[in-house]
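The residues making up each chain are set out below.
Protein chains: 2
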Amino acid sequence: MGTVQLLNTLRAGYKGVIYPVHPKEKTVRGLRAYAHVSDLPKPVDTAILTLPTKVVPWVLEECGQNGIRHAIIISGGFKEVDDEGKRLEKDISRIAKKYKIRFIGPNCIGVINPRIGFNPTMFPYLHHPGGVGLISQSGTYVTQVLPYLARMGIGFSKAISVGNMADLDISDCLEYLSDDTETKCIALYIEEIREGQRFLDVARRTVIKKPVVALYTGGTSGGAKAAVSHTGSMAGNDMIYDNIFRQAGIIRVYSVEDLFEWAGVLACQPLPKGPKMAILTHSGGPATSMADACTRHHLQLPEFSPDIKKRIQKFIPPTGSAQNPIDMTFVIDIKGMMADMPRLILKDPNIDGLLIHGIMGITWIKNVKEAAGEIHDYFQMEQFIADTVDELASMPGKYGKPIICSSFIDREEKAIAYMRDHNLPNFTSPEKAVRAMAALYRYSLIRKR
Amino acid sequence: MGTVQLLNTLRAGYKGVIYPVHPKEKTVRGLRAYAHVSDLPKPVDTAILTLPTKVVPWVLEECGQNGIRHAIIISGGFKEVDDEGKRLEKDISRIAKKYKIRFIGPNCIGVINPRIGFNPTMFPYLHHPGGVGLISQSGTYVTQVLPYLARMGIGFSKAISVGNMADLDISDCLEYLSDDTETKCIALYIEEIREGQRFLDVARRTVIKKPVVALYTGGTSGGAKAAVSHTGSMAGNDMIYDNIFRQAGIIRVYSVEDLFEWAGVLACQPLPKGPKMAILTHSGGPATSMADACTRHHLQLPEFSPDIKKRIQKFIPPTGSAQNPIDMTFVIDIKGMMADMPRLILKDPNIDGLLIHGIMGITWIKNVKEAAGEIHDYFQMEQFIADTVDELASMPGKYGKPIICSSFIDREEKAIAYMRDHNLPNFTSPEKAVRAMAALYRYSLIRKR
Chain A
9 MGTVQLLNTL RAGYKGVIYP VHPKEKTVRG LRAYAHVSDL PKPVDTAILT
59 LPTKVVPWVL EECGQNGIRH AIIISGGFKE VDDEGKRLEK DISRIAKKYK
109 IRFIGPNCIG VINPRIGFNP TMFPYLHHPG GVGLISQSGT YVTQVLPYLA
159 RMGIGFSKAI SVGNMADLDI SDCLEYLSDD TETKCIALYI EEIREGQRFL
209 DVARRTVIKK PVVALYTGGT SGGAKAAVSH TGSMAGNDMI YDNIFRQAGI
259 IRVYSVEDLF EWAGVLACQP LPKGPKMAIL THSGGPATSM ADACTRHHLQ
309 LPEFSPDIKK RIQKFIPPTG SAQNPIDMTF VIDIKGMMAD MPRLILKDPN
359 IDGLLIHGIM GITWIKNVKE AAGEIHDYFQ MEQFIADTVD ELASMPGKYG
409 KPIICSSFID REEKAIAYMR DHNLPNFTSP EKAVRAMAAL YRYSLIRKR
Chain B
9 MGTVQLLNTL RAGYKGVIYP VHPKEKTVRG LRAYAHVSDL PKPVDTAILT
59 LPTKVVPWVL EECGQNGIRH AIIISGGFKE VDDEGKRLEK DISRIAKKYK
109 IRFIGPNCIG VINPRIGFNP TMFPYLHHPG GVGLISQSGT YVTQVLPYLA
159 RMGIGFSKAI SVGNMADLDI SDCLEYLSDD TETKCIALYI EEIREGQRFL
209 DVARRTVIKK PVVALYTGGT SGGAKAAVSH TGSMAGNDMI YDNIFRQAGI
259 IRVYSVEDLF EWAGVLACQP LPKGPKMAIL THSGGPATSM ADACTRHHLQ
309 LPEFSPDIKK RIQKFIPPTG SAQNPIDMTF VIDIKGMMAD MPRLILKDPN
359 IDGLLIHGIM GITWIKNVKE AAGEIHDYFQ MEQFIADTVD ELASMPGKYG
409 KPIICSSFID REEKAIAYMR DHNLPNFTSP EKAVRAMAAL YRYSLIRKR
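Chains as they are written, first to last, in our numbering: chain A, 9 to 457; chain B, 9 to 457.
Honestly, I wouldn't trust all of these hints.
When chains are identical, the list treats them as one kind, so a pair holds in a single copy or across two.
As the list claims (entries may be wrong) - Dumping the calculated DSSO-like pairs for lysine-lysine here, alpha-carbon to alpha-carbon at most 27 Å: (1) Lys217 - Lys192; (2) Lys218 - Lys456; (3) Lys422 - Lys374; (4) Lys87 - Lys108; (5) Lys284 - Lys317; (6) Lys106 - Lys87; (7) Lys217 - Lys318; (8) Lys355 - Lys106; (9) Lys317 - Lys50; (10) Lys284 - Lys108; (11) Lys355 - Lys317.
No lab work stands behind these hints: they were computed from the structure.
Nothing here was measured: the structure is a model prediction, and the numbers come from that model.
The whole structure should be built from the sequences, with the hints applied where relevant.
Written as C-alpha cells, this is what we have:
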C-alpha cells in the first residue's frame, strides 16, 4: 500500500523531498530509504504513516522525538473496529499531544493537493487543479471519485480524508479551507460532527466568504448503522443536522453527485443577482424539462427585454420560439447557438443567468457523414467549435452572470470535454443543470441575509 | 433531412423494402426513387412524410388514394406554430379519416424499432435492442438521448415520438406497447394528456401487465409555457396528473435520467419480494450513502441469517464489516466480491435484493502498473473479470432477486461496459442505484394491490 502511495505522489510530480522509511530496503522506487525515523535528515515537515495498527503509536513516538510536528495517519484498525483499537487511538492522541503533533486520521486515505503534485493516496489524480476544497469522512469520496471528477471537469484545490478525526476534525479543516485562497467552494461529506457549536461557529464564518455544500448520511437508521462500522461515528438525528446546516447557511445535498456537481458550479460560476433565468435549446423536450424544473426550484423565466427579443428573433426559424425558453429547433448554427445568442441574452438586464441544453459539436455531423460512408477531416470544424466554446466560457466572467449547460453526449464529444475543462459546467441531464443553477441562486440569497 | 433519415435506416440494417419518393432524382442513396406516390409498387405498408408543411395534406391524400393506410408525419409547422398550422393539421386529420389512415405526428421525429433495424430518425441507434418501450412527446428524448442510453446499456424495444398527436395519441401507443411482448417496461414523456379517463383506463390495464414510468413536465407555470410552444399542448395542473399517475399505478419521476434509468432496471431485473436489501461494497462512504438512501426510500437493511453471516465472515478482513452493509474494505478479491459473496447473499431468505457499489475491474491495477512504469498484458485478467461478471449477471434470473450496482468509473472500465451490456444495471452514483431499487420495490407493491 505504501508503495502505491509513493508511486502516485511521484506520478503527480511532487517537487518536494520524499524520504521512504523501510525496515529492510536500501532504496524504494529509486529513492534512498531509511530504516528508522531517527535516521532521517532534518527537518521533516510531515510524516505519512501506512503501517500495521499496533506499530503506529511506536512510530509516532519516534516522529515526535525527531521533531516531526505534522502527520497523516493512513492506517486503519482503530476505534472503528474494537476496544483494543479504541485504546490504540487514545495512545496516539496522547503521544501527539505530548510532542505537539497535529495529525489527520487515523483510518483515512490521505490528503491531495494537486497544485503541488501532492497525492499520497491509492488513486492517481487525473484532472488539473480546481476550486473545490473537499473535507470527507470517506476516503472513497476523495479517491474513487477521481475518474468521475475528471470526466466532469471538476478539480480539487485540496481534498482531505479526515478518517476517525482523533486530532484534526471537520471544523479544523473547514477553518483552514475557509482561508485558503485556492478554494472557491467547500464540499463536506459528513457522517458525524462532534462539537456541534464549534462547527456551527466555523461554518457561519466560512459561509460569509465562500459557499459550503454538505452531504450528511449518518442521520437515518440505515445511515447511522453503517456509519458506526465505517468511522466509528455515533451519528445524530437527521433533523438536528438539518437545522445546523440551515442556521449556518450550508447548502445540503442528498447525493454524492449533487455534492460534487453543485460544488463544481459554485466554485467557477458568478452568482446570479436574481432568480430570472433564460433557457436556450434547439429541442422542445429539454426546453420544457428545464422550464418545469425551474419552477420547481424557485427560478423564474421572464420575457426578454423588447429590443433583445427583436434581435433574438433573427436567429430563430418560423417553427422555433423566441419566447423564453428559446427553442431554436433543428438548426445547425453553431456560432448563433453557442456565442451570438448567449451574448445577447446575457446583455439583457432582465436576465440573471443562462441555461443551455444541447451543446453543438461534431458528433451529429460525424454520424451523418459516417452513415453516408464519407470520410471527412474535422480539424477545421473542431477548431471553430473550440474557438466558439472559448468565447462562451469567457462570458460568465465578462457579464457577471452564470451559464450552466447540459447534453446527452459525454466527453467523447470534444466540445463537451473542452467546456468542462474550461470552467463551463456541462451536466448529463437538463434537470441537473437547473438544480445546480438553483444552488447558485440559493447561495446568493444566503450571502444577502 | 429526408436523406439523413434514409441513411440511418439503411445503416440500422432495415431488411424491408424502402421506396424513396423524390420529385426529381432517379435514385437516392442507391435506391430507385419514384416521382409520385402513385408510381410506387403496391402494397406499401407505411409512408414516412418529411416535407414542407403545406405539401403534407396533398401527399397524404395521394397516399390514401394509393392504398397506404399507415403514416409517420415528421414535418412540423402545424398547430404548434400558428392558426394556419392549426388549419393544416385539421386538414390532414380529415384526409386520414377519409382513407382510414392511422398516423403518428405531425411534428415528430419518427419511430425506432431496433430489432428490425427500423430507424428513420435523424440519429443512429447505437445499442442493441432492449426492453424499454418509450412513448414521448419530445423527439429529443427518442433520439438525442441515444448516446446516453448506449453508454448506460439501456435498449429500446420500440421508441415512438408522438409529436402533435393529431391521430394516434399516448393512450393508443400505450395500448400497443402494453401487448408488445418485447416491451418489458414502458417509459412515458408527457407534456399533455388529452382524454384523461381513457388514459387512466389504458394505464390501469397496462400496469397489471408491466411497469409504467412517467415524466410529466407540463404542470408547472414554467413547464406549461414551454409546452405550448413545443407541441401546442394545453398542459394541466400538476396535482391532477399526479393523481392520475397514482390511481393508475404509474411510477412518476422528475428527471429524464430517472425516467430511463428506472425503466431500464424495471425492464431487466426481477421484482424484490419485499423491502429487505443487502449492501455490498469495499468502501465505507458509499456503504453509508447507500444505507442512508435505503432508509429515505423505504428500504430495509436486515441482519443476515446466522449461517449466511458466518460464511460471509470468511471473506471479510478484520478492518471490514460482516454486518449489513458489508464493507470489505480495501481487499482485492474480485471473485469474492463479484461472485461468491453475491451468491451467498442472494441465497439468504432474509434478503430480497442486492446493492453493490464499487465493481472491481482492471482500472485500479492498471493505474498502479502505469505509475510503476510497468507494461502489462491485461488479456487474461479481463477474461477472468468478464467470466465473473457473466456469473453475477446470471444471478438475478437464477435466484429471482434483483441486483443493482454503482461505480464512479464509467464504460472505460470493461467490467462496467460488460455489466451494462448484459442487463446488469450499473449507475454513476450509490444513491441512483438505491433509488432505482426503490422503484422496483414500489412496482412490486403496485402489483400486489
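TODO: Identify every previously stated hint that the structure contradicts and give their numbers, smallest first.
DONE: 7, 8, 9 and 10
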